[in-house]
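Engineer: Take a look at the letters that make up each chain.
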Amino acid sequence: MWLIQVESKVLLFFYLLVTQALDIGTILNLIFLILFFIFIVWGQRIQMMILLRDIEFAIGRLKLMKDSARNAVIERMKKFSSSDPSSFIDKVIEYVTIEPVSLDPSGIIWKYDYLLKTSEDRIKSEVYSFVSQAKEEEKSNLLNVLEVLANLNLLYKLMRHYYIMGKKTGSAFIIIQLQAILPEVLMNADALMGALFAFSYGHPVGDGVGALVAAKIMGSKLNETKEIARDTVFMETTLENRKLGVIKARGPGGTVGYPGDAIMSLLEREKYDLVVMVDAGLKLEGEKSGSIVEGVGAAIGGIGTEKYKIEEVVSKKGIPLYGVIVKMSMKEAITPMTEELYKASEQVIARVKEIIKEKVPEDGSMLLIGVGNTIGIR
Amino acid sequence: MEKTSERYDINISLFFFLLGFLLFVSITLIFNGVNEMSSGNAINGVMSFLLGILGFALVAYNINKIRHRLSLPAVLSLGPRVVTVEICESCGYRTERLFKEGDFIFGRGDRCPKCNSEVPMLIEGIYLKREFLVKAQGQQPYRQ
Ligand SMILES: [Zn+2]
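If you read the sequences in order, they're chains A and B.
Counting in our numbering, the first sequence runs from 256 upward without gaps.
Counting in our numbering, the second sequence runs from 382 upward without gaps.
Some hints here could point you the wrong way.
[As the list claims (entries may be wrong)] Straight-line distance between alpha carbons at most 20 Å, and here's what the computed SDA-like set of lysine to any residue pairs gives:
1) A:Lys582 x B:Arg448
2) A:Lys390 x B:Gly488
3) A:Lys390 x A:Lys471
4) A:Lys471 x B:Ser394
5) A:Lys481 x B:Glu470
6) A:Lys422 x B:Arg489
7) A:Lys526 x A:Lys471
8) A:Lys471 x B:Lys495
9) B:Lys446 x A:Ile305
10) B:Lys510 x A:Phe312
11) B:Lys481 x A:Leu537
12) A:Lys471 x B:Arg511
13) B:Lys446 x A:Leu537
14) B:Lys446 x A:Phe312
15) A:Lys334 x B:Arg489
16) A:Lys562 x A:Leu537
17) B:Lys446 x A:Met442
18) B:Lys510 x A:Lys476
19) B:Lys446 x A:Ile301
20) B:Lys510 x A:Glu601
21) A:Lys586 x B:Lys510
22) A:Lys476 x B:Glu470
23) A:Lys471 x B:Phe396
24) A:Lys394 x B:Lys481
25) A:Lys471 x B:Pro501
26) B:Lys446 x A:Lys390
27) A:Lys543 x B:Lys510
28) A:Lys476 x B:Ile468
29) A:Lys318 x B:Cys472
30) A:Lys562 x A:Lys572
31) A:Lys598 x B:Glu499
32) B:Lys446 x A:Leu307
33) B:Lys481 x A:Ala313
34) B:Lys446 x A:Ala313
35) A:Lys471 x B:Val464
[Said to hold, decoys possible] According to the in silico footprint, chain B covers these stretches of chain A (three or more CB under 8 Å from chain B):
36) 299 to 306
37) 451 to 459
38) 587 to 595
Bear in mind the hints are in silico, worked out from the structure with no lab data behind them.
As the structure is a computational prediction, the values presented were derived from the model and not from experiment.
Just so it is clear, CB atoms sit at the ideal spot from N, CA and C, and this is done for glycine as well.
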């Protein structure tokens, strides 16, 4: 009974308040006063909730991208195989390569090299036997597609991990850090989505500009190449009346090859006066895509095994090592090659011609390595 | 894994519900403001009207943000912008067409439409063109 009495009194109070005491100015004042106290007491928590909501949306978007990428890969693999590929894909993208112990780092490069090749062999054999009806280059493109999907999956899982951690611990520091890297993560995810489609259709990608330069210099002699290392081809030609050896990954399937192995076996039996590497390099924001920079040293990315091999062999033989780098963004490197980058390959060839004229004597020889993923380039 | 993904969905729908409520309140405030203004209660009317506009802007901002977050990236429609440049080795005729699967640089493309030579044209380049309006092939032009 007393509850009803209290309730009716409260209602009466509000009724009087609204009808007689309050005009809109007083209401606004009251609202501001209440908001002031709310923000003093729960201000940080409200801010964290807003940040968490931002992160939640980003993770939702990452999940959307990951799922649509997975569906696209499933559709792709169904073309070449009669059985349902979804469980196979889920298994393959979770494969891990366990890093070798680095307490005693001497000789670790060769362990890395061995592990990388073993893991490549393993995934290759499983994927190739699953899509046995596909063409050779389609098979190697599928390997690339699965790698991109694995990256996207990892990105999603990592973000989700830190999101749940942040929510569980309520730690402002985890949440703020997560929110700070959000734009970059989403940009990378966008780039990975582009890469997925480029690799599944077999478009040449920006990273392939080095391979494109090598292929253009090989020109009509592309049929005469021979394989000197796994997925890596070599041929000899002449440029500006000098002997020129050219190394690139074997196309048109998507692969980067093993230029380190190639140069090691080649320099064992032949002598070169100069080694020039052409590769794609990450630009800084604000730099022009397709601009060319030159330098000294091994222009090659990746985990470092190929770089080590190249540095090792040229330093032992005392051969100068030059690099020509075409600048591009991370996204341009893994999505279809843009017109600027394609045109930059002509400028690189002009530069290579100048280098061979300036640095190599008339009867000398130069070795050119076109580094990068050769997808869509023969 | 599935549980967490469901949770995002619930939160998003709750969010939409709150947005809808805010939209309703804002519209009521705007109407109320207009009424009060026309009945001569200028200050109250303007206040209520402004509050309504504020709420409306908040809703629009949030919806725009969600649309951005939930939309798939534009690269999905990049496909039609990749072109293949072919050159005929016997007459030098050069064409540009949409990329089709199986094309690769220094591979063989279509037969030359000009001299109809036995050897198919050589694919000279494949790249992403910034503005490539394909009308002949009947595809939707892509705009950024
Ligand atoms: Zn012709």
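Engineer: Would you mind marking each hint as holding or not holding in the structure?
Structural biologist: Structure-based check of all given hints:
Straight-line distance between C-alpha atoms of lysine 582 of chain A and arginine 448 of chain B comes to about 33 Å, which puts the hinted pair past the 20 Å bound. Restraint check for lysine 390 of chain A and glycine 488 of chain B: satisfied, since their Cα atoms lie roughly 15 Å apart, inside the 20 Å limit. The suggested pairing of lysine 390 of chain A with lysine 471 of chain A is violated, with an alpha-carbon distance near 24 Å, which exceeds 20 Å. Our distance criterion of 20 Å between C-alpha atoms is broken by lysine 471 of chain A and serine 394 of chain B, whose separation comes to about 55 Å.
For the hint linking lysine 481 of chain A to glutamate 470 of chain B, the alpha-carbon distance of about 25 Å lies beyond 20 Å, and the restraint is violated. At most 20 Å may separate the alpha-carbon atoms for a hinted pair to count; lysine 422 of chain A and arginine 489 of chain B exceed this at roughly 56 Å. A distance of roughly 24 Å separates the Cα atoms of lysine 526 of chain A and lysine 471 of chain A; the hinted pair therefore is violated under the 20 Å criterion. A distance of roughly 25 Å separates the Cα atoms of lysine 471 of chain A and lysine 495 of chain B; the hinted pair therefore is violated under the 20 Å criterion.
Under the criterion of a C-alpha separation no larger than 20 Å, the hint pairing lysine 446 of chain B with isoleucine 305 of chain A is consistent with the structure, at around 13 Å. A C-alpha spacing of about 32 Å is found between lysine 510 of chain B and phenylalanine 312 of chain A, which places the hinted pair above 20 Å, so the restraint is violated. With a CA separation close to 29 Å, the supplied pair lysine 481 of chain B and leucine 537 of chain A exceeds the 20 Å bound. This hinted pair does not check out: lysine 471 of chain A and arginine 511 of chain B have alpha carbons roughly 23 Å apart, beyond 20 Å.
Taking the CA atoms of lysine 446 of chain B and leucine 537 of chain A, the gap is about 30 Å. The hint is violated against a cut of 20 Å. Proposed proximity of lysine 446 of chain B and phenylalanine 312 of chain A is supported: the alpha carbons are some 9 Å apart, at most 20 Å. Of the pairs offered as hints, the one joining lysine 334 of chain A and arginine 489 of chain B is violated, with about 24 Å between alpha carbons and a cut-off of 20 Å exceeded. For the hint pairing lysine 562 of chain A with leucine 537 of chain A, the CA-to-CA distance comes to about 17 Å; that is within 20 Å, so the pair holds.
At roughly 16 Å between alpha-carbon atoms, lysine 446 of chain B and methionine 442 of chain A fall within 20 Å of each other, so this suggested pair holds. This hinted pair does not check out: lysine 510 of chain B and lysine 476 of chain A have alpha carbons roughly 28 Å apart, beyond 20 Å. A hinted pair counts as satisfied when its Cα atoms are at most 20 Å apart, and lysine 446 of chain B with isoleucine 301 of chain A qualifies at roughly 19 Å. Pair hint lysine 510 of chain B plus glutamate 601 of chain A holds up; C-alpha atoms about 17 Å apart against a cutoff of 20 Å.
A distance of roughly 16 Å separates the Cα atoms of lysine 586 of chain A and lysine 510 of chain B; the hinted pair therefore holds under the 20 Å criterion. A C-alpha spacing of about 15 Å is found between lysine 476 of chain A and glutamate 470 of chain B, which places the hinted pair at or below 20 Å, so the restraint holds. Straight-line distance between C-alpha atoms of lysine 471 of chain A and phenylalanine 396 of chain B comes to about 56 Å, which puts the hinted pair past the 20 Å bound. For a cut-off of 20 Å, the pair hint linking lysine 394 of chain A to lysine 481 of chain B stands: about 18 Å separates their Cα positions.
For the suggested pair lysine 471 of chain A and proline 501 of chain B, the alpha carbons sit about 19 Å apart, so the restraint of at most 20 Å is met. Of the supplied pair hints, the one linking lysine 446 of chain B and lysine 390 of chain A is violated, its CA atoms being roughly 44 Å apart against a limit of 20 Å. With a CA separation close to 17 Å, the supplied pair lysine 543 of chain A and lysine 510 of chain B stays within the 20 Å bound. For the hint linking lysine 476 of chain A to isoleucine 468 of chain B, the alpha-carbon distance of about 17 Å falls within 20 Å, and the restraint holds.
A hinted pair counts as satisfied when its Cα atoms are at most 20 Å apart, and lysine 318 of chain A with cysteine 472 of chain B does not qualify at roughly 52 Å. Taking the CA atoms of lysine 562 of chain A and lysine 572 of chain A, the gap is about 16 Å. The hint holds against a cut of 20 Å. With a CA separation close to 29 Å, the supplied pair lysine 598 of chain A and glutamate 499 of chain B exceeds the 20 Å bound. Between lysine 446 of chain B and leucine 307 of chain A the CA atoms are separated by roughly 14 Å; this keeps the pair inside 20 Å, and the hint holds.
Pair hint lysine 481 of chain B plus alanine 313 of chain A does not hold up; C-alpha atoms about 34 Å apart against a cutoff of 20 Å. Restraint check: the Cα-Cα separation between lysine 446 of chain B and alanine 313 of chain A comes to about 11 Å, which is no more than 20 Å; the hinted pair holds. A hinted pair counts as satisfied when its Cα atoms are at most 20 Å apart, and lysine 471 of chain A with valine 464 of chain B qualifies at roughly 18 Å. Counting residues of the stretch 299 to 306 of chain A whose C-beta sits closer than 8 Å to any C-beta of chain B gives 0, which falls short of three, so the coverage hint is violated.
Given as covered by chain B, the stretch 451 to 459 of chain A passes the check, having 5 residues with a CB less than 8 Å from a CB of that chain where 3 are the minimum. Closer than 8 Å: that is the beta-carbon criterion, and the stretch 587 to 595 of chain A has 5 residues meeting it against chain B, so the requirement of 3 holds.
Hint check: violations occur at hints 1, 3, 4, 5, 6, 7, 8, 10, 11, 12, 13, 15, 18, 23, 26, 29, 31, 33 and 36; the rest are consistent with the structure.
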